[in-house]
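Asker: Protein chains in written order, with the working numbering: chain A, 585 to 974; chain H, 12 to 282; chain Y, 36 to 324.
Hints may contain errors.
Unchecked claim - Only pairs whose alpha carbons sit at most 27 Å apart, straight line, appear in this in silico BS3-like list of lysine-lysine:
#	chain 1	residue 1	chain 2	residue 2
1	A	K624	A	K726
2	A	K726	H	K70
3	H	K70	H	K43
4	A	K624	H	K70
5	H	K43	H	K62
6	A	K624	A	K692
Hint data in this document are derived by calculation from the structure and do not stem from the laboratory. The structure displayed is predicted, hence computed values, not measured ones.
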Amino acid sequence: MCVALAFGLIAGGCGAPHVPRRSLTVAMALLPGEAIRYRKILADFESVSGTEVQLVTETYGDILHLLEAESRAGRGRFDLVELDIATLGQARNDVRELAPSILAADRKLFPETAWRVGMMANQLYFVPHRIMWQAMIYNRLKVPKPPTNWEELANFVHAHPGKLAIKGALYEGTLCDVAPFIWEAGGAMEQPTSTDTLTALDFLAGLAPGLNPRSAVFREMSVLEAQARGEVWIHFNWPFAMTYLRDKGLAPSVNLSAPIPLGPKGRATVLGGGYLAIPRSAPNPDDAQLFLRFLLTSDVQQRLVTDLGWQNTLPTRWNQQATLLYAGFSQMRAYLRARPEVQDYQVLSNRWQRALAAILFEGTPAVVALKPLTAWAESLPYEESARPAS
Amino acid sequence: MTIENRLLVFCRKALSAFVVTAGVIPLYLLTKQALTPELQSFAWPPVWFPKSLTLTYVKDVIASGELRTSLILSARVAITAALAATVLGTMLGYAMARHTRARALGLSALTATRLLPMIAAAMPLATILITLGLYDTPGGVGLALVHGALALPAAAILLFSAFVKIPIELEQAAYLDGASPLSIFLRLNLPQVRGAVAGAFVLSFLVSWDEFGFALLLQPTNRTLPPLIYYYTVFGDTGAASALALVSAVPVLIALVALRPVLLRGLSGRG
Amino acid sequence: MKNRRGRLLNLCFLWLPLAYLAAQFAFPLASGLVMSLNAGGPSFANYSFVLHDRLFWHACSNNLIVAGLSLCLEFSLGLLFALLLHATRGRSLLVEISVLLPFLIPEIVFLSIARYILLPRGYLNGALLSVGLDGLGWLNPGSWLALLSVIVVDAWHVTPVVTLLLLGGLQTIPSELYEAAYLDGAGPVARLRYVTVPLLRPALFAALLLRGVDALRIFSTVLVLTGAEGAPVLSTYAYQLWSDALEPQIAMAASVMLALFIAALAAVVLGLRRRSGGRAETSWEYLTA
Numbered sequence: 585m586c587v588a589l590a591f592g593l594i595a596g597g598c599g600a601p602h603v604p605r606r607s608l609t610v611a612m613a614l615l616p617g618e619a620i621r622y623r624k625i626l627a628d629f630e631s632v633s634g635t636e637v638q639l640v641t642e643t644y645g646d647i648l649h650l651l652e653a654e655s656r657a658g659r660g661r662f663d664l665v666e667l668d669i670a671t672l673g674q675a676r677n678d679v680r681e682l683a684p685s686i687l688a689a690d691r692k693l694f695p696e697t698a699w700r701v702g703m704m705a706n707q708l709y710f711v712p713h714r715i716m717w718q719a720m721i722y723n724r725l726k727v728p729k730p731p732t733n734w735e736e737l738a739n740f741v742h743a744h745p746g747k748l749a750i751k752g753a754l755y756e757g758t759l760c761d762v763a764p765f766i767w768e769a770g771g772a773m774e775q776p777t778s779t780d781t782l783t784a785l786d787f788l789a790g791l792a793p794g795l796n797p798r799s800a801v802f803r804e805m806s807v808l809e810a811q812a813r814g815e816v817w818i819h820f821n822w823p824f825a826m827t828y829l830r831d832k833g834l835a836p837s838v839n840l841s842a843p844i845p846l847g848p849k850g851r852a853t854v855l856g857g858g859y860l861a862i863p864r865s866a867p868n869p870d871d872a873q874l875f876l877r878f879l880l881t882s883d884v885q886q887r888l889v890t891d892l893g894w895q896n897t898l899p900t901r902w903n904q905q906a907t908l909l910y911a912g913f914s915q916m917r918a919y920l921r922a923r924p925e926v927q928d929y930q931v932l933s934n935r936w937q938r939a940l941a942a943i944l945f946e947g948t949p950a951v952v953a954l955k956p957l958t959a960w961a962e963s964l965p966y967e968e969s970a971r972p973a974s
Numbered sequence: 012m013t014i015e016n017r018l019l020v021f022c023r024k025a026l027s028a029f030v031v032t033a034g035v036i037p038l039y040l041l042t043k044q045a046l047t048p049e050l051q052s053f054a055w056p057p058v059w060f061p062k063s064l065t066l067t068y069v070k071d072v073i074a075s076g077e078l079r080t081s082l083i084l085s086a087r088v089a090i091t092a093a094l095a096a097t098v099l100g101t102m103l104g105y106a107m108a109r110h111t112r113a114r115a116l117g118l119s120a121l122t123a124t125r126l127l128p129m130i131a132a133a134m135p136l137a138t139i140l141i142t143l144g145l146y147d148t149p150g151g152v153g154l155a156l157v158h159g160a161l162a163l164p165a166a167a168i169l170l171f172s173a174f175v176k177i178p179i180e181l182e183q184a185a186y187l188d189g190a191s192p193l194s195i196f197l198r199l200n201l202p203q204v205r206g207a208v209a210g211a212f213v214l215s216f217l218v219s220w221d222e223f224g225f226a227l228l229l230q231p232t233n234r235t236l237p238p239l240i241y242y243y244t245v246f247g248d249t250g251a252a253s254a255l256a257l258v259s260a261v262p263v264l265i266a267l268v269a270l271r272p273v274l275l276r277g278l279s280g281r282g
Numbered sequence: 036m037k038n039r040r041g042r043l044l045n046l047c048f049l050w051l052p053l054a055y056l057a058a059q060f061a062f063p064l065a066s067g068l069v070m071s072l073n074a075g076g077p078s079f080a081n082y083s084f085v086l087h088d089r090l091f092w093h094a095c096s097n098n099l100i101v102a103g104l105s106l107c108l109e110f111s112l113g114l115l116f117a118l119l120l121h122a123t124r125g126r127s128l129l130v131e132i133s134v135l136l137p138f139l140i141p142e143i144v145f146l147s148i149a150r151y152i153l154l155p156r157g158y159l160n161g162a163l164l165s166v167g168l169d170g171l172g173w174l175n176p177g178s179w180l181a182l183l184s185v186i187v188v189d190a191w192h193v194t195p196v197v198t199l200l201l202l203g204g205l206q207t208i209p210s211e212l213y214e215a216a217y218l219d220g221a222g223p224v225a226r227l228r229y230v231t232v233p234l235l236r237p238a239l240f241a242a243l244l245l246r247g248v249d250a251l252r253i254f255s256t257v258l259v260l261t262g263a264e265g266a267p268v269l270s271t272y273a274y275q276l277w278s279d280a281l282e283p284q285i286a287m288a289a290s291v292m293l294a295l296f297i298a299a300l301a302a303v304v305l306g307l308r309r310r311s312g313g314r315a316e317t318s319w320e321y322l323t324a
């Protein structure tokens, strides 16, 4: 311990620069493997800009906590943070408005909805970093013709009980599966007991007895494992599902992606991923803006696709196999929607998760399960930016 | 031989067969999954005997990337924890062996430690480590310190029961010869409990090496082996999970089987 | 002078480790308690949330069921195994190692493989299929079967500890007692009932306390096999609130209640023990396991 301390002091003493170098500290939710590859992109920025970048990897939850703590303290060490899209409403007061010039970037890099999610009251606060959305994954050997609308989906469940799964654990993923159905019926999470919302939930409650019995604990990866083992034939998931199945030799030969079945009032899928923002307490906000501009060039975006396997620019510039694998995702690109943006989103989501568990796995009527949260949910101060363009 | 006795012998044999089956099957399946291509592990009905073997997953663990990083992290955390637990356990064990009041106090503290549910300490500890900058670090210092405390009761009791056997008269004689208490401890007592010190170190190392809950909560991205095995298991990477599990279990098994006599005594509290 | 130095050494040797334990466990526990009493100001709101949550009561009852049945199972098996090892002592290395094997494997490794055995398309259902039986949903969330799976897997993993503790007790029983009982015409069952069990009581008590506490703290078995929602117990309930619901203060309230629950039960058991005249000293051995 003492030796380490002494080393630290010596190293610190020798290494202290006389001329202050420009530096940038960023916090991102990267796994160790991703971080290694991401550092190469950062190295390029360092050589271009002469700014030293320090990458700190944390979970989304921890980054949000750090951001809130630094904001409260009024000073911090992070210049740029990556936040889960579902927490943007919660983080809004702790981050800076971004210069309008950032928007001069190539708008086509991301779908229009993805840009709008980062804006609040016509101001840009968050920039898409990696975005993704859900599609339907199906076993092509068992289900040669995947269901294209709600009726066909219901027929599938009746013909093959236990073979449709949803991610029903008590976590955010449940809403990513259920919200598209609500939107496709014309409903909204903000209006839990509106007629349209209830249409969707009654439809899902009708399917519930035929869902895979482990649906109540499934999450992204465990449902995918069940799909790989053939226990499940259809479920909804993110693009990395196809990467997983391909790496196992189970796609495109066995599994493919397709659009989420069409509902009575249209089609929808949920937008997910990470957004970048500059904390209010950032010590070097200008350098952070510089990094954002660097990131929002099509060359760098292409590297995020090829080096890190993110699907940001989907479906452009893909080889034939990828086109086949991600076909369902490409087709859903035009139907993106974001979850409600509001400070209390986490609480809203938690209360929805509990209600959905009651509706789907305990047979509670939707209207009974949702009634207690309706008045509260309807009165929350939502941001309007993420609504779909009419 | 009475019927009753014959029945007894039969029961004994049946029980032995049951015990061997229950003990060996998990290890066999684990080894099989680690060494066969993943599609065979996914097959239905299950493949009981591998059709082909592969070393891909085991090689990945030893040679590359995330798996290797976490192997090294686990070893670092376990060694640090074992050092902390052994040093402090030796101190506490000695104090408890020599003073009745220290014994009572020490036992209550160690018992309380044994009662504490992991989750109740781990969640607030995460908050504390964040403020100290020791949360989720690549070196795992924060986790190692907790593991040290977790292993302390076993280490202290092991050392206590070794120190208790040393007759106090020797110590008193040395004391009258003018030796300082510290040198009596270091030169007279410590050499006599070398075996127990080594045992405490190994036991503490294993406590840390096996520990899952604190590691899951305190190192969410820089993961030690147990959380990584958990994630690979529930994320459907059967080959990697099994290979990682095998690599983390084999050294433990070898150590434990080799040290069986010592540990049998240690585990049943008769150090 | 020397005397003072000796006292200083002993103070240091006693209090340094205790301070370390306090820093790692008592301080976090206390700060958890403080955090659990904070809901935008000092309040019992977090506790009130927990007490009004159906899932909490579900987790409580699961906790008791799992602990109770798992203890019964592992003590019956542990006693059988200990008698077996005692009878065949030294003659069968294979049996001896096999008894210990499920515990020697790291916990998470054991659980990982148990999960592969119990999955709907796992090895157990595969074995049932090969003898012409339909598989069962061993891990289906919310089912009795899932709870049973957790109990059996937990017992499977820790029975070796119980076996060792009981074996230690068996070895202290003088063989003359058995001979005397045999001469009196007592059969094997009667010898077990009237000689073994009464004399094993101290060892049984130590094992019971140790395992009872562990069974109440159960976390990883549930998390790996069924997920936090499949067969919720208090630990996984608190973990879900902390990691998924991002409600740390409510999670702390739940975990404080678990800690109190365990402390109360332990106090009752230790109190009973003391009243029945047992020496507290004999029970220290459970600490090493």
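Asker: Now look at each hint and say whether the structure bears it out.
Answerer: Taking the hints in turn, this is what the structure says about them:
Distance check on the hinted pair: K624/A and K726/A sit about 42 Å apart at the alpha-carbon level, beyond 27 Å; violated. Taken as a hint, the K726/A and K70/H pair is broken in the structure, with Cα atoms around 35 Å apart against an allowance of 27 Å. Of the supplied pair hints, the one linking K70/H and K43/H holds, its CA atoms being roughly 15 Å apart against a limit of 27 Å. Only pairs whose Cα atoms come within 27 Å are accepted, and K624/A paired with K70/H is accepted, the gap being roughly 26 Å.
Between K43/H and K62/H the CA atoms are separated by roughly 10 Å; this keeps the pair inside 27 Å, and the hint holds. In summary, the hint linking K624/A to K692/A is supported, as the alpha carbons are separated by about 25 Å, within the 27 Å threshold.
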